[in-house]
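Student: Top to bottom, those sequences are chains A and B.
First residue of the first sequence: 8, per my numbering; consecutive thereafter.
First residue of the second sequence: 8, per my numbering; consecutive thereafter.
In short, the hints are calculated from the structure, not lab data.
Treat the numbers as computed from the prediction; the structure is a model and nothing was measured.
Each hint should be verified, as a subset may be incorrect.
As the list makes no split between identical chains, a pair holds if one copy fits it or if it spans any two.
Cross-link-like lysine-lysine pairs, in silico, DSSO-like; alpha carbons within 30 Å at most [said to hold, decoys possible]: (1) Lys388 to Lys318; (2) Lys346 to Lys382; (3) Lys36 to Lys74; (4) Lys36 to Lys284; (5) Lys318 to Lys158; (6) Lys346 to Lys371; (7) Lys284 to Lys348; (8) Lys266 to Lys223.
Number of protein chains: 2
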Amino acid sequence: MKSKILYFALIWVVSLTFTKSFAQIIPVKETVITGLKRPWSMVFITKNDVLLTEKEGNLLRINLQSKRKTIIKGFPSDLVDSLDVNYGKGNNSGIFEVVIDPNFSINQYLYLSYAAQTPNEGTTTKIIRATIKNDSLTQIKTLLIASPFTKQNHHYGGGLKFGSDQKLYITIGERLFYEIDEPATPIAQDPTDKRGKIYRINPDGSIPNDNPNFGKNAVAGLYALGIRAAQGMAIHPETGDIWFSEHGTIQGDEINILKAGANYGWPLVTSGQYRSKDYNPPKVDVSTLTSPVWFWRQTVAPTGLAFYTGKEFPAWRNNLFVPGLSGGSLWRFKLENEKVKSVEQLFVDEPVRLRKVVQSPDGKLYLLTDELDGKIIRIKKP
Amino acid sequence: MKSKILYFALIWVVSLTFTKSFAQIIPVKETVITGLKRPWSMVFITKNDVLLTEKEGNLLRINLQSKRKTIIKGFPSDLVDSLDVNYGKGNNSGIFEVVIDPNFSINQYLYLSYAAQTPNEGTTTKIIRATIKNDSLTQIKTLLIASPFTKQNHHYGGGLKFGSDQKLYITIGERLFYEIDEPATPIAQDPTDKRGKIYRINPDGSIPNDNPNFGKNAVAGLYALGIRAAQGMAIHPETGDIWFSEHGTIQGDEINILKAGANYGWPLVTSGQYRSKDYNPPKVDVSTLTSPVWFWRQTVAPTGLAFYTGKEFPAWRNNLFVPGLSGGSLWRFKLENEKVKSVEQLFVDEPVRLRKVVQSPDGKLYLLTDELDGKIIRIKKP
Chain A
8 MKSKILYFAL IWVVSLTFTK SFAQIIPVKE TVITGLKRPW SMVFITKNDV
58 LLTEKEGNLL RINLQSKRKT IIKGFPSDLV DSLDVNYGKG NNSGIFEVVI
108 DPNFSINQYL YLSYAAQTPN EGTTTKIIRA TIKNDSLTQI KTLLIASPFT
158 KQNHHYGGGL KFGSDQKLYI TIGERLFYEI DEPATPIAQD PTDKRGKIYR
208 INPDGSIPND NPNFGKNAVA GLYALGIRAA QGMAIHPETG DIWFSEHGTI
258 QGDEINILKA GANYGWPLVT SGQYRSKDYN PPKVDVSTLT SPVWFWRQTV
308 APTGLAFYTG KEFPAWRNNL FVPGLSGGSL WRFKLENEKV KSVEQLFVDE
358 PVRLRKVVQS PDGKLYLLTD ELDGKIIRIK KP
Chain B
8 MKSKILYFAL IWVVSLTFTK SFAQIIPVKE TVITGLKRPW SMVFITKNDV
58 LLTEKEGNLL RINLQSKRKT IIKGFPSDLV DSLDVNYGKG NNSGIFEVVI
108 DPNFSINQYL YLSYAAQTPN EGTTTKIIRA TIKNDSLTQI KTLLIASPFT
158 KQNHHYGGGL KFGSDQKLYI TIGERLFYEI DEPATPIAQD PTDKRGKIYR
208 INPDGSIPND NPNFGKNAVA GLYALGIRAA QGMAIHPETG DIWFSEHGTI
258 QGDEINILKA GANYGWPLVT SGQYRSKDYN PPKVDVSTLT SPVWFWRQTV
308 APTGLAFYTG KEFPAWRNNL FVPGLSGGSL WRFKLENEKV KSVEQLFVDE
358 PVRLRKVVQS PDGKLYLLTD ELDGKIIRIK KP
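In isolation and in its complexed conformation, chain A is listed as follows (with noise of 0.2 Å):
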């Protein structure tokens, strides 16, 4: 009897093996969550709570069960979201990222990136943290301006990752629009500018004694420079090294992996064109500088990245996932060591303007669409 058991469990398991699992598997979208506005970055802070940011509304807490949405309230009021008139369209301010500390079960501690603004002067990245008490955002403590502020609409950056080193790092963009717009040193190359760079700080906003040395005029708090537009960072599962990527201008997407003290090379070299067309950047010696890992041959505009570590799909196991708001496909990236083995574009007769991929604790994962009536998405098997 127990024989007989056993020999039906094992054709069972053989069978399953044979026709479901070894089979192609075509993931499907299960729409969670509707009416959101453009929502930019999700952290989960229970099972089934998140903490989601809306680049054109609010910070909000949803429970992905009960589907229930919760405005967070006192938003610091230099906020500048993509609607105001005063900074016209194609305007990429708002809401960015929201992380949480790695002690956040003890310390409560979230951390924000926006668009701030100064009245007259224009607006600039700002980074915060605080706490929620009472639906209300609290303690808020200002860990980074990324000053000047301008009048231009582009590229604030805002991608918030902690390290495996238990250190927050921030990317801040460049935000010229035009190559011809650039000063002789460009942005991104000069160590005393803020902008165009990736930061290394600790949780209270100081900076750490081991970040890389730029010099004795170097913005505080400097890892990298050489950086356009870069928004979303992921930590490799296996190397903890965090990868990111960063917008092109026509073409010339990235995807890079981040070294203390690394020149990411925008605007002396390109793997795209420039918008400028007759744009001459300084000359420079190129062994200074750090290739990409990838770049595409097409425009996909890549923002919020993740590392897949769940169960659900054992062969994406470890695999990069890429969201694209341009063409709005997902990209599957499967690795060995720090290099591309192969590109799988996902989703391709579904396509939808992507801002992130979010993993959660128990294994799923998600993305935000960028739409007025923004989502979030599982995917899963069919």
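Using the hints, position chain B against chain A.
Tutor: Just chain B now, kept in the frame of chain A:
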């Protein structure tokens, strides 16, 4: 005892399932044969013997185990290969496709396409049927000459495929390089011009009675029009449809499904850009045109495609594989009926110009590289 064996068998299958089979598999390349002069096409005639065409060389028989190559003599003397100085650089001519008759084991017929020349007139695509005797082509019969002979060096087409209806399908390119050279009725749109078309003929060269009707002046065997530069064709393993690749100009590379009487639109419309920037095609009701299943937003130069039905990579079953000359990647398409669900770019870190994907009768997947030292490469598990 029996129960114990079954128990361990169960454990083994389960562990195999969850460790090996489920995990990410990164395929590798194994070079099987080298020293080929830009191989274009390959067909298995026994388990280990293939016939192979070299664009800049010969028709060969190769044993993949002994690696012995035999030149098949007696190729028609009007062959013009890519090296012919009269036709200059960027010459696409040479020997193209080789396929065998569905009843090859009985009649030993093979079918070949190649660039043929007529002195002082120029070149065109020619399709012949023949058999091999004493390592020499014999019983050569001409099935199609895609006249006129012209001095243009490009886009011969030359794709050959037997459909599930036992008819021979043939792709013939438009032969122009610049759209500005189009006549008032563009070549590929003119049913009285042999170029820029897809044909369907009987294996003896006669015309099937049930071909679509393109009017009484249409060229014999015409099956579809509006083709710029199609080469590869493959039979969908479930539907029996023929899928074919087509080269665009600047981008605009496509995958199409062949349908009787269809107009694929060239040069009236394109998913890329025209080479002649100021080309104004005749106006047309686009609803009469058949859209591609897929087009790339980057240049790929897709050629000899194949559906995979082997057992080595179960997750790839019934996927479409498309090799690219430009960029040198292999592209894998996951499909749901006639819809592309996802597209994977494989071997991105090992680029090499790829002309053809071929599956052996026992389900192994091979690639032909378009190199002066061309190779047969097998794709296998690491």
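Student: Pop the pair Lys36 and Lys74 into one bin, within, between, both or neither, using alpha-carbon distances up to 30 Å.
Tutor: Intra 17 Å, inter 49 Å, cutoff 30 Å: intra-copy only.
Student: Treating 30 Å as the Cα threshold, decide for Lys346 and Lys371: within, between, both or neither.
Tutor: So Lys346 and Lys371 pass the 30 Å test inside a copy (25 Å) and across (26 Å) alike.
Student: Using 30 Å as the alpha carbon limit, work out where Lys318 and Lys158 are close: within a copy, between copies, both or neither.
Tutor: Close neither inside one copy (46 Å) nor across copies (60 Å); limit 30 Å.
Student: Up to 30 Å between alpha-carbons, please classify Lys388 paired with Lys318: within, between, both or neither.
Tutor: both (12 Å within a copy, 23 Å between copies)
Student: For Lys346 and Lys382, with the copy left unspecified, which applies at a CA distance of at most 30 Å: within, between, both, or neither?
Tutor: between (33 Å within a copy, 24 Å between copies)
Student: Regarding Lys266 and Lys223, is the shortest C-alpha distance of 30 Å or less found within a copy, between copies, in both, or in neither?
Tutor: Classified as within: same-chain Cα gap 20 Å, cross-chain 70 Å, threshold 30 Å.
Student: Should Lys284 paired with Lys348 be assigned to within, between, both, or neither, using CA atoms and 30 Å as the limit?
Tutor: This pair counts as neither: shortest intra-copy Cα distance 33 Å, inter-copy 36 Å.
Student: Tell me, please, which holds for Lys36 and Lys284 at an alpha-carbon limit of 30 Å: within, between, both or neither?
Tutor: neither (40 Å within a copy, 41 Å between copies)
In summary, the numbered hints that this structure violates are 4, 5 and 7.
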